[in-house]
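Q: First to last, the protein sequences are chains A and B. For the first sequence, the working numbering assigns the number 662 to the initial residue and increments by one for each residue that follows. For the second sequence, the working numbering assigns the number 662 to the initial residue and increments by one for each residue that follows.
Mixed in with the good hints there might be a few duds.
As the list claims (entries may be wrong) - In silico lysine to any residue, SDA-like type, Cα no more than 20 angstroms apart, as pairs: (1) B:K720 <-> A:K720; (2) A:K702 <-> B:K720; (3) A:K671 <-> A:C715; (4) B:K720 <-> A:E875; (5) A:K720 <-> B:P669; (6) A:K702 <-> A:T723; (7) B:K702 <-> B:D678; (8) B:K720 <-> A:V674; (9) B:K702 <-> B:E724.
Simulated from the structure, these hints should not be mistaken for laboratory data.
Chain residues, written in single-letter form:
There are 2 protein chains.
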Amino acid sequence: MGDEHTTPMKSVVTALDILETLQEQGTAGVSEIADASGRPKSTVHRHLDTFLECGYVVKEDTEYCIALKSLRLASSALSRQLVYPVTKSVVQELAAETGESAAIAVEENGRAVYLCYDRANQAVRTDARLGIQLCLHCTGAGKAIFAHMSEAERDAVIEQHGLPKKTDRTITDRDELEDELAEIRETGLSFDDEERVDGMRGIATPIQNRETGELLGALTVAGPTRRINGERFRTELPDLLRRASKMVEVNITYS
Amino acid sequence: MGDEHTTPMKSVVTALDILETLQEQGTAGVSEIADASGRPKSTVHRHLDTFLECGYVVKEDTEYCIALKSLRLASSALSRQLVYPVTKSVVQELAAETGESAAIAVEENGRAVYLCYDRANQAVRTDARLGIQLCLHCTGAGKAIFAHMSEAERDAVIEQHGLPKKTDRTITDRDELEDELAEIRETGLSFDDEERVDGMRGIATPIQNRETGELLGALTVAGPTRRINGERFRTELPDLLRRASKMVEVNITYS
DNA sequence: AACTGTGTTCCACGCTGCGGAATAGTCGTC
DNA sequence: GACGACTATTCCGCAGCGTGGAACACAGTT
Chain A
662 MGDEHTTPMK SVVTALDILE TLQEQGTAGV SEIADASGRP KSTVHRHLDT FLECGYVVKE
722 DTEYCIALKS LRLASSALSR QLVYPVTKSV VQELAAETGE SAAIAVEENG RAVYLCYDRA
782 NQAVRTDARL GIQLCLHCTG AGKAIFAHMS EAERDAVIEQ HGLPKKTDRT ITDRDELEDE
842 LAEIRETGLS FDDEERVDGM RGIATPIQNR ETGELLGALT VAGPTRRING ERFRTELPDL
902 LRRASKMVEV NITYS
Chain B
662 MGDEHTTPMK SVVTALDILE TLQEQGTAGV SEIADASGRP KSTVHRHLDT FLECGYVVKE
722 DTEYCIALKS LRLASSALSR QLVYPVTKSV VQELAAETGE SAAIAVEENG RAVYLCYDRA
782 NQAVRTDARL GIQLCLHCTG AGKAIFAHMS EAERDAVIEQ HGLPKKTDRT ITDRDELEDE
842 LAEIRETGLS FDDEERVDGM RGIATPIQNR ETGELLGALT VAGPTRRING ERFRTELPDL
902 LRRASKMVEV NITYS
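Could you put the whole structure together from the sequences, leaning on the hints where they help?
A: Below is the structure:
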């Protein structure tokens, strides 16, 4: 691992940095982005203008925002994900049935990326966002994915990202984590008991290619501890998820 | 219109160009992209490496492809679109009910961009892709959007993109187009009768903000002429779409 | 072993992006 | 209406950086 990169292109890096700042702000003017990104206005302006011309940014009056052209990139990235088309509808059903938030996550660069996300009306508005990248050690889906990586891969991930403490319950010890991952491999079930956000719990199951055993992603349901507890946390939702992921796995092999 | 831009940044433009070539190829190696984009391998390699480091591209062995991080951009762009959350489920229902392809489109830079797309199993695999940009004058959704623009805006669009002939039935005459747009405004219905692709028909309805009258997008169903004809083309599907878009409009005002 | 295809590294030249400062608008406010 | 405070733009000279040809390192084929 640990590939050495040639020095990246500064102008492109700043360009992307500016684009990301804009993305975080949602919609912003030149000065706003200049402040947030710590760069001179002239530079920001020039970059935004370039993006504008390339169609990656749109301008309304003097405010900029990310253009819909970015959907093309996303769509290209999604098309490589086998789980996506099959699981999309399952995620919706899960959200509807449970009344909570459901999602599907896959691994990228040692983190869990959420491909698709649905929440029932009454479900809490979490920080979940398409494409959001979360640590593998502190989410249900993350741990499910983690559990199915080789030891070398796990080493690399921990080397790169560490095991940052998000809440009091976050697992920050490697041995403790390994124990839990072993259990996840055995049971096919992964729990997040307020390990990333206080007051939030989650349950996840891996999705594998039935033939090769290759891990394709993880299915997850999450919600507030106040609603997710007792039998519901330990039995009901896990069973539901297990059925859902089995169904997905079958659909994947025959598609 | 016709804003003058300052000279765009060359390195960023080439960077984006390379990214787009990669996006078109889906997955490709350095040489492949170098050939397709007509740039020296060293340049391409360097750019890809930069994107890799920024997380916008992933590398498997020696093949590159667009990373899921791009979902973040897309998600940011989508979040500005009021129609999206409300219409997503309606598009699915439409696809299921009709057995064809359904989609929602909005205007960006004088073209129709498809936000969301669903097709029934038996529906033909069209070239539809999230984020694809199509001309306004030759698609159902496009014309629906076109019809609700101001004359000045329409002028600007035609100035910029013209009225390129896609099939024998494409409307290429401004006056003829204006007549049709007037009819669309009256009836609230827009037809695409093999005007973009031979053998493909579509029907679309505008989606407006009930209070301000502002156009938010267009809902559309499309499929092969062999299946979409007679009453189904002229009455059944239009009625279905009209009901669907009314529902969407109501949901938007109360959300 | 030679050839043809990859991907990757190197480096000197000169173009081009940088960012401070100047300009041009725009909106309030006294 | 003139000022101030805030935007977005434009300008331009210096040097830092991206460029791309050429060299290198592999891997697979003939």
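Q: Hints first: check each against the structure and report whether it holds.
A: Comparing the hints with the structure gives:
1. B:K720 <-> A:K720: violated, 33 angstroms
2. A:K702 <-> B:K720: violated, 34 angstroms
3. A:K671 <-> A:C715: holds, 19 angstroms
4. B:K720 <-> A:E875: Given pair B:K720, A:E875 holds - Cα atoms ~18 angstroms apart, limit 20 angstroms.
5. A:K720 <-> B:P669: At roughly 16 angstroms apart (the allowed maximum being 20 angstroms), B:P669 and A:K720 satisfy the hint.
6. A:K702 <-> A:T723: Distance ~14 angstroms between A:K702 and A:T723 Cα, so the pair holds.
7. B:K702 <-> B:D678: Status holds; Cα separation ~14 angstroms.
8. B:K720 <-> A:V674: holds, 18 angstroms
9. B:K702 <-> B:E724: holds, 14 angstroms
Comparing the model with each numbered hint stated earlier shows that hints 1 and 2 do not hold.
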